[in-house]
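Protein sequence lines correspond, in order, to chains Z and Y.
Using the numbering used here, read the first sequence as starting at 1 and increasing by one per residue.
Using the numbering used here, read the second sequence as starting at 1001 and increasing by one per residue.
One or more hints might be untrue.
Claimed, not checked - One-sided excerpt, in silico: chain Z residues whose CB lies under 10 Å from chain Y:
id: 1; residue: Gly41
id: 2; residue: Asp61
id: 3; residue: Ile64
id: 4; residue: Ala68
id: 5; residue: Ser72
id: 6; residue: Gly128
id: 7; residue: Arg130
id: 8; residue: Thr272
id: 9; residue: Cys287
id: 10; residue: Ser290
id: 11; residue: Met309
id: 12; residue: Glu318
id: 13; residue: Arg320
These are computed hints drawn from the structure, not numbers from a lab.
Quick caveat, the model's predicted, so the values are computed rather than measured.
We put the beta carbon where it would ideally sit given N, CA and C, even for glycine.
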Amino acid sequence: MQMSNKVSELSMLEAINETLHSEMARDERVVVLGEDVGRNGGVFRATEGLIEKFGERRVVDTPISEAAIAGSAVGLAMAGLVPVVEIQFLGFSYQAMHQIAGQIARLRYRTQSRFEPQITIRAPFGGGVRTPELHSDSLEAQFANIPGLKIVMPSTAADAKGLLTSAIRDPDPVLFLEPLRGYRGIRDLVPDEDHLVPLGQANLVKKGDDVVIISWSYQVELSKRVAESLEGEGISAAVLDLRSIVPLDIEAVTEIVSHCGRAVVVQEAPETGGFASEIIATINDECFWSLEAPVARVSGFDVPYPVGMLENLYVPDETRIHSAVLKTMESG
Amino acid sequence: MPKPDDKQLQMILEDMVIARTQAGRLWNLQRQGQVGTIAPIDGHEAAIVGAVHALETESDWVLPQYREPLGLRRYGAEVLDTFMLYNLGHPAGGHIPEPIKVAPSQISLGASIPHAVGLAWGMSLKDEPGVVLVFFGDGASSEGDFYEAGNLAGVLKAPVILFCINNQWAISTPTHLQTAADSFSSKAEAFGIPGVTVDGNDPAAVYEAVFNARKRATSGKGPTLIEATVYRLGAHTTADDPTRYVPSDDLSAAQEKDPVHTLTQDLKNRNLWNDTKQNEVETAALERLDEAFERAKNTPLLPNSLMDHCFVSDTSRQLRQRSMLMDSMGNANE
Ligand SMILES: Cc1ncc(C[n+]2csc(CCOP(=O)(O)OP(=O)(O)O)c2C)c(N)n1
Ligand SMILES: [Mg+2]
């Protein structure tokens, strides 16, 4: 078989849409369900064209019932289908929380693998686009505390394709989180052919020797920009994109932190109980003695995600990441 | 009186015209990038205004979804002022001042329905007069919150009015994909409470239904579910393109029944309204909106407000974050 190495420049949104098309074509067990995913093609057009191509039996506009959407995905999976659920905004996963946390994530464990929760839950989230309440909250750490759920957070269009493909094919439940700001704001070269990025493999997107910025989702984009500008200041900063926080690529974290001896972890979520804390604890466990300075974190604040006018203060930006790196360089 | 008299109908029309006029201006402001996402009220005026005019503003609470604020003028000018702050994304947009019994917009669909039941229940525990009216859409009625709260309200005989505005759409989802029931009001049967469907384009019919539900609630007989059927004449929000899914024939048929036009014509025929009055009301409505917008824009915003009102007083973590924020603001000013 001849494989072409062709690539196309796509936005993250286009990459996601293309992946849904190809996975539905590849595996007829795949069904897509959610609010406005059919006729409207999703409120962001992520599911555009699916209903036309695959019909209303496989692409289902559901009532506004997140609990039933997530809960019925369990039943669909029990029936041997592969549900790909869209929760219109991650903040509305709260309505589905008892099904996601209390049922989906535990299904394999409590039935000792009699039932396989091959379920993907896609949801947009994240700040910077002035949405109404509950549309922007970064809830990944809340989900990371639920054993049995994988959490994937791509930062490029190519990864969105590679990771979503892996997520849909993964026999375990995957929460696939799509940064609102990246839908159209992130564009890169995406392989045309089948493209799989294994879940749990971090990506060292920029090499560096002095300090590593560890991040995920849209904050990787900002971290890359900061790392590049630091070159001009004589600081060699690496950037590690976790790509999935569960499973976490502990080896990649350890390796780069051991190499650089300094690290800054960047997240958009509130500071307390955020996933950055988990990274820092991991560094503490794995490579504490290689550190030359305390690990810093850049986070949102310990308040609910704010209204539009305060958003820019809340969401970490390049300035905050930059000064955290400088502080880390100075200390120790 | 279960039916609005002529004077009340004039006041209802005035509020409807104001809501429609201001909604148009707000849409334009959004298009110019001056305010955030807007959910237009067009087509919902009679249902909202008619309902609100049957309430006692001193004693009765209104818990809106997000499409209603421009129709709540009867509750006080501050509703609009606060709504403009909300549209700007100013934190003060969440604080409708005392003693106005109106809650801010609810983004999480259905979430206010249990709040309404609890509020009504609490009022009856405290022997306070009044009822709670909660607005929600046909789409929101599919949430578990609606079913759980409706059931609870029935059990408690809470003085609450569950007011479902069925505008035939939940973004792109038509009602036949929302429910297989004949009507949304028929769901009341499962709660053991009365359910009524009214023509939401007819403010007098809406008024009457709310009046009766209110009477029932205040006399200790418990909740009512009202479904007001209307048609969403505009987009879902400024972020939506309804031409992708709304059949144009359906829309034109609905435009024929436009509640603002219908009542205007009706009152004109009866010499209760005329073009001069119409112009006066529209001009004043625009001036009022612009004034509210200017005031909102000139409302100071302190960076500190990011950290305010999470708790009564900061945790030690929040104190650190607050001073970090202030330091960074200081740097930015340098
Ligand atoms: C819990 C929840 N799920 C999803 C959404 C996204 N959403 C916003 S408005 C809307 C449609 C609501 O329809 P309806 O209740 O009929 O009100 P309408 O907009 O028609 O007035 C949806 C799905 C939300 N805001 N909250
Ligand atoms: Mg609706």
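Hint-by-hint comparison with the structure:
no.	hint	verdict
1	Gly41	8 Å, holds
2	Asp61	5 Å, holds
3	Ile64	4 Å, holds
4	Ala68	8 Å, holds
5	Ser72	13 Å, violated
6	Gly128	13 Å, violated
7	Arg130	6 Å, holds
8	Thr272	6 Å, holds
9	Cys287	26 Å, violated
10	Ser290	27 Å, violated
11	Met309	4 Å, holds
12	Glu318	12 Å, violated
13	Arg320	7 Å, holds
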